[in-house]
Amino acid sequence: MEQAGIRRQKGGAFLGGVTPLSVAAHELKSPLVLLRQLSLDLEMTSDEHDRARIIEQMVQVSEKALRLTGDITRSEAVQRSLFECTPLNPLSVCDDVTSELARLYQAHGRALRIGRIRQLPPVVANRDLLRRILLNFADNALHYGDVDGVVELQAQLLRERGRVRIAVRDYGPGLPLGSWRNLKNSLGQAQPVHARPQSSGLGLYISAQFADAMNARIGAIRHRDGASFYVELPVSHQMSLL
Amino acid sequence: MTAQRVVVIEDDQWLAEHYLRLLRRAGYETYHAPHALLAIDMIDDVRPHAILLDVLLTGMTALALLHELQSHDDLATIPVVLATNLADQIELDDVAGYGVKRVLDKATMYPDDVVAAIRGALA
Chain W
49 MEQAGIRRQK GGAFLGGVTP LSVAAHELKS PLVLLRQLSL DLEMTSDEHD
99 RARIIEQMVQ VSEKALRLTG DITRSEAVQR SLFECTPLNP LSVCDDVTSE
149 LARLYQAHGR ALRIGRIRQL PPVVANRDLL RRILLNFADN ALHYGDVDGV
199 VELQAQLLRE RGRVRIAVRD YGPGLPLGSW RNLKNSLGQA QPVHARPQSS
249 GLGLYISAQF ADAMNARIGA IRHRDGASFY VELPVSHQMS LL
Chain A
513 MTAQRVVVIE DDQWLAEHYL RLLRRAGYET YHAPHALLAI DMIDDVRPHA
563 ILLDVLLTGM TALALLHELQ SHDDLATIPV VLATNLADQI ELDDVAGYGV
613 KRVLDKATMY PDDVVAAIRG ALA
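Protein sequence lines correspond, in order, to chains W and A.
Position 72 (the first sequence) corresponds to 120 in our numbering; numbering is contiguous.
Position 84 (the second sequence) corresponds to 596 in our numbering; numbering is contiguous.
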């Protein structure tokens with residue numbers, strides 16, 4: 049099991065003359081291309097079952113693109129202002145994420161469920177930013193996990209660090225070591241557009257920014273049968289002061 | 513008459529479904545591999561008449577896959593159509609030596625272009 053803690057690099061995170069704008073444009077190109085192809089397919093498809101499936105896919109692809117634009121906008125705001133962090137129950141955020149992505153997972157014939165959750169204290173976090181981080185991880189897991197595999201949200205208390213780790217665990221063949229090393233080196237940075245398939249890494253870069261804004265950190269663990277992407281958040285001590 | 517076989521190598525599940533629908537409608541027997549490693553085994557088993565290949569794949573890239581195919585005499589002659597978001601950065605002359613017959617731009621192609629490209633590659 050190999051683990052990678054990830055810190056967003058301060059400044060200069062965009063490499064080799066690749067600007068944030070070009071990375072964002074590249075990232076948005078994939079869902080737009082897919083949406084166009086599905087629209088053209090719908091036009092020439094008469095089978096009702098196929099039409100219903102294509103329409104559902106179009107809805108989900110649109111929602112994914114809108115989530116990304118929302119993340120990009122919010123990422124800009126994170127750089128300019130502080131976000132309020134309050135004590136919150138991590139399980140309730142996991143519930144929100146599984147509900148929000150239920151249709152997307154269903155459309156892929158996959159399942160996102162809440163797995164191992166141990167007795168957890170509240171964490172100090174911004175609900176919206178934490179939700180967005182977990183949505184990014186869960187969206188990512190759809191592409192890198194096993195086609196038939198379940199994806200789980202897991203959480204545990206890291207008592208010695210005074211933190212709670214919430215992870216999105218996918219099950220699959222596991223990334224080859226070379227790909228994992230590339231990923232480990234690139235997490236938290238927006239990559240040149242050729243560095244990774246489909247994704248430029250922008251989602252993970254934005255997630256690292258969101259984590260920074262909450263005094264949290266993101267990371268990844270490579271398992272024999274898949275991977276976990278996680279965020280570690282400080283435990284709230286507010287309740288213990290009462 | 514037996515249908516001609518086409519292997520589609522595309523890691524976006526829904527785009528792959530789209531290609532498979534188009535090619536089946538056109539009468540081809542279709543197979544899908546979401547990544548290059550699986551594709552190599554599939555190509556070896558299926559012995560397709562043509563390959564529709566995405567460029568940015570998880571793990572091994574399309575170029576590495578094309579190299580691999582070229583290293584086998586019996587697979588090197590299978591015609592390949594590239595469908596990619598990077599079409600503006602790929603010259604057909606540069607990849608023709610790998611058996612690539614057409615480069616389709618995912619952003620501008622129409623469904624008929626996919627079928628026409630496969631048909632053209634098989635001609």
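Bear in mind the hints are in silico, worked out from the structure with no lab data behind them.
Some clues are possibly wrong.
Dumping the calculated SDA-like pairs for lysine to any residue here, alpha-carbon to alpha-carbon at most 25 Å [unchecked claim]:
| id | chain 1 | residue 1 | chain 2 | residue 2 |
| --- | --- | --- | --- | --- |
| 1 | W | Lys77 | A | Leu598 |
| 2 | W | Lys77 | A | Gln525 |
| 3 | W | Lys112 | A | Pro546 |
| 4 | W | Lys77 | W | Met106 |
| 5 | W | Lys77 | A | Gln601 |
| 6 | W | Lys77 | A | Glu603 |
| 7 | W | Lys77 | A | His561 |
| 8 | W | Lys112 | A | Leu568 |
| 9 | W | Lys77 | A | Thr573 |
| 10 | W | Lys77 | A | Asn597 |
| 11 | W | Lys112 | A | Pro623 |
| 12 | W | Lys77 | A | Asp617 |
| 13 | W | Lys112 | W | Gln204 |
| 14 | W | Lys112 | A | His544 |
| 15 | W | Lys77 | A | Pro546 |
| 16 | W | Lys77 | A | Trp526 |
| 17 | W | Lys112 | A | Glu603 |
Computed far set for chain A versus chain W, every beta-carbon distance over 10 Å [claimed, not checked]:
| id | residue |
| --- | --- |
| 18 | Trp526 |
| 19 | Arg533 |
| 20 | Asp557 |
| 21 | Ile590 |
| 22 | Asn597 |
| 23 | Val607 |
| 24 | Ala619 |
| 25 | Pro623 |
| 26 | Gly632 |
Which chain A residues stay away from chain W? Per the calculated CB distances, all over 12 Å, these [unchecked claim]:
| id | residue |
| --- | --- |
| 27 | Leu534 |
| 28 | Pro546 |
| 29 | His584 |
| 30 | Asp606 |
| 31 | Ala635 |
All figures in this text were calculated on a predicted structure; none of them were measured in a lab.
Just so you know, even glycine gets a beta-carbon here, dropped at the ideal spot from N, CA and C.
> Hint by hint, which ones does the structure fall short of?
Replying inline: 7, 13, 17, 18, 19, 22, 24, 25, 27 and 28
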